[in-house]
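Residue numbers (our numbering), protein chains in the order written: chain A, 52 to 430; chain B, 52 to 430.
Some clues are possibly wrong.
A pair holds if it fits inside one copy or across any two, identical chains being indistinguishable in the list.
To be verified - DSSO-like, lysine-lysine: derived pairs with alpha carbons at most 27 angstroms apart: (1) K406 <-> K280; (2) K352 <-> K280; (3) K380 <-> K178; (4) K352 <-> K380; (5) K410 <-> K347; (6) K347 <-> K103; (7) K62 <-> K103; (8) K220 <-> K62.
These are computed hints drawn from the structure, not numbers from a lab.
Protein chains: 2
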Amino acid sequence: MENFIYANPVKIIFGRDTINEIVNEIPQGSKVLMTYGGGSIRNNGVYDQAAKALSGYEWYEFSGIEPNPHYETCMKAVALIKEKGIDFILAVGGGSVLDATKFIAAAVCFEGGDPWQILSGRSEVKKALPFGDILTLPATGSEMNAGAVITRAETQEKLAFGSAYTYPKFSVLDPTVTYSLPPRQIGNGVVDAFVHVMEQYLTYNEGSVLLQDHMAEAIVKTLVVEGPKALVAPTDYDVRANLMWASTWALNGWISQGVPEDWATHMIGHEITAFYGLDHAQTLAIVLPGVMTVLKEQKRKKIIRLGKEVFGTDGIDNTIRAVENFFEKMGVKTHLSDYDLGDEAIAKVAGRLNKRGWKLGECHNVTADLVKEILIIRK
Amino acid sequence: MENFIYANPVKIIFGRDTINEIVNEIPQGSKVLMTYGGGSIRNNGVYDQAAKALSGYEWYEFSGIEPNPHYETCMKAVALIKEKGIDFILAVGGGSVLDATKFIAAAVCFEGGDPWQILSGRSEVKKALPFGDILTLPATGSEMNAGAVITRAETQEKLAFGSAYTYPKFSVLDPTVTYSLPPRQIGNGVVDAFVHVMEQYLTYNEGSVLLQDHMAEAIVKTLVVEGPKALVAPTDYDVRANLMWASTWALNGWISQGVPEDWATHMIGHEITAFYGLDHAQTLAIVLPGVMTVLKEQKRKKIIRLGKEVFGTDGIDNTIRAVENFFEKMGVKTHLSDYDLGDEAIAKVAGRLNKRGWKLGECHNVTADLVKEILIIRK
């Protein structure tokens with residue numbers, strides 16, 4: 052096991068009818084900004100519950116945060132916060148709203164010039180406005196980590212940041228608010244969470260770090276059993292509760308402590324989304340089976356173990372097929388051609404990664420050439 | 052899944068050569084009290100490493116904290132802290148030293164009269180001195196929770212408390228410091244951690260809460276595989292690292308969120324220790340198989356699942372036998388007669404629980420009569 056230092060201070064408020072608990076968490080007298088995306092929270096009652104809970108505060112709202120949230124949008128919220136003297140942000144939404152809120156919270160307090168530098172990696176976050184959230188879409192784990200991914204529309208770039216200051220103070224997870232989600236979002240969320248675990252589990256490492264591996268399998272077993280049920284029984288409380296909680300654990304940091312991490316699938320996927328606007332999970336469902344195939348020797352023991360422990364199958368090829376089938380079962384297509392993409396997209400993605408000079412994966416061996424190889428078999 | 056609200060802010064510093072990290076965690080200028088037990092940390096080099104790290108602080112020490120730490124001992128430390136104006140405590144030791152330190156930290160700040168009231172349950176903790184720890188004995192999980200168990204020698208009582216203010220600020224977990232532990236302490240630690248998981252897992256509840264159950268199994272699988280190895284290969288780093296980390300997770304609170312908890316085995320065991328001074332783990336190894344046997348109908352699904360998932364065996368009786376065998380394999384005896392106890396002890400323990408009127412277990416059905424039944428089959 053590798054050395055690590057980690058703390059995760061997020062307070063989780065989990066269960067039915069828990070939205071009103073925010074009044075015990077947001078300091079009295081705070082000026083609050085509620086951030087959210089489109090109109091879905093107005094239709095499913097979450098907006099009304101949050102507004103009711105905020106009635107004792109001076110509060111404002113900022114809507115229109117898009118999927119793969121834009122830097123440009125975030126900067127509008129930063130201006131509003133400065134104008135109104137806001138001192139607490141309440142994010143209401145899924146990973147995009149939460150990620151945007153993290154960046155907004157850091158950008159408001161950023162003193163080194165253009166906050167884009169937080170994302171370009173040239174500047175460290177040293178402070179952020181406090182924020183909490185009401186999660187409406189289980190998928191990204193953003194509700195229990197300090198990371199965020201932001202897209203700059205202008206330059207078609209999608210970049211990540213994280214800091215000790217951008218953990219939510221609290222996250223409200225009420226599984227009933229997910230009942231009204233469309234199947235596409237459930238499918239995407241389950242695939243996203245599944246791949247998060249794979250990035251921390253499916254590496255060359257096998258046999259020496261027991262607890263983290265078993266815990267990763269615990270999360271994935273939950274997703275594989277409950278995911279398909281969620282599509283057919285949208286109001287089964289326990290199914291939604293198990294999925295919501297498993298998605299949080301897929302990326303709250305604990306399963307990655309002391310082990311190597313991959314993240315090649317995500318980095319390649321981000322580029323596909325940046326160029327072509329595919330859903331994040333769609334890109335992951337395309338790329339992961341390719342990464343597993345091209346790196347099957349490096350990851351061989353762990354792929355075999357995944358097959359045995361989670362899918363009840365034997366061997367590398369059967370396991371890759373089982374993963375692909377699971378994604379398809381969740382309604383997420385797994386080939387570039389399913390999204391009308393082909394050689395041109397492959398060249399574009401590989402070209403940009405070549406330009407960046409990144410060497411991805413837990414062994415830093417996924418060069419642009421290997422990315423091309425991975426994507427060619429996913430046509 | 053039941054509703055829950057939980058946060059665990061403890062910063063974990065895990066790995067080789069990490070003791071010196073405490074200088075980054077204890078605020079500069081603090082007056083520090085190092086608390087510890089007997090002489091073992093003087094023999095294994097931990098005292099010297101901690102003292103070296105503390106050389107930039109004004110610091111004092113308080114030693115002599117006994118196993119099943121005494122209220123009376125803790126109150127001496129409280130007096131020393133007040134006399135010297137200490138503002139940070141560094142606990143160096145196992146669960147007893149950590150538990151004592153939590154009580155000391157709370158008692159120093161207690162304003163409602165005799166701090167014994169914190170344990171008797173009549174008074175809530177509203178403040179505590181900040182503290183961190185260097186863990187030397189993996190077992191109790193005290194390094195990542197806010198609970199403590201304290202014994203009052205005078206009245207032979209052993210009572211627990213916990214509060215939001217008694218989480219360690221940090222815990223240093225260096226597996227190499229456990230190399231020199233005697234087999235008896237390794238055996239006790241593994242049994243203790245195993246039973247902690249059982250208290251949160253082995254209930255009437257089965258089938259609806261997936262992630263927590265799989266996570267509990269993840270911890271127990273790690274203990275069952277690595278525990279016996281630790282006895283034959285004391286300096287295998289990965290074995291010690293896996294055991295140390297699994298023991299922490301056995302009682303850091305996360306696997307109990309949203310599920311019922313038992314704790315009958317611990318409550319009965321505490322009384323045996325209070326009267327007869329047995330090691331904590333010895334009492335658990337006696338009691339748990341009795342609880343499993345007497346409550347086999349209530350816990351039937353979960354016992355069967357434990358057998359299948361963890362021990363690769365079928366049926367209730369085989370699983371109880373597998374648990375008993377595992378304890379014996381760890382060198383911890385499982386019957387009252389192994390410790391020269393019998394009918395008199397049973398009458399004494401049941402008598403006190405009868406007097407307290409407690410109804411233990413996840414269904415509040417473990418009365419003093421049932422405790423007698425449990426202990427009679429463990430003679």
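Evaluation of the provided hints:
no. : hint          : result
1   : K406 <-> K280 : neither (43 angstroms within a copy, 49 angstroms between copies)
2   : K352 <-> K280 : between (30 angstroms within a copy, 22 angstroms between copies)
3   : K380 <-> K178 : neither (43 angstroms within a copy, 52 angstroms between copies)
4   : K352 <-> K380 : within (25 angstroms within a copy, 30 angstroms between copies)
5   : K410 <-> K347 : within (18 angstroms within a copy, 55 angstroms between copies)
6   : K347 <-> K103 : neither (53 angstroms within a copy, 48 angstroms between copies)
7   : K62 <-> K103  : within (21 angstroms within a copy, 35 angstroms between copies)
8   : K220 <-> K62  : both (6 angstroms within a copy, 16 angstroms between copies)
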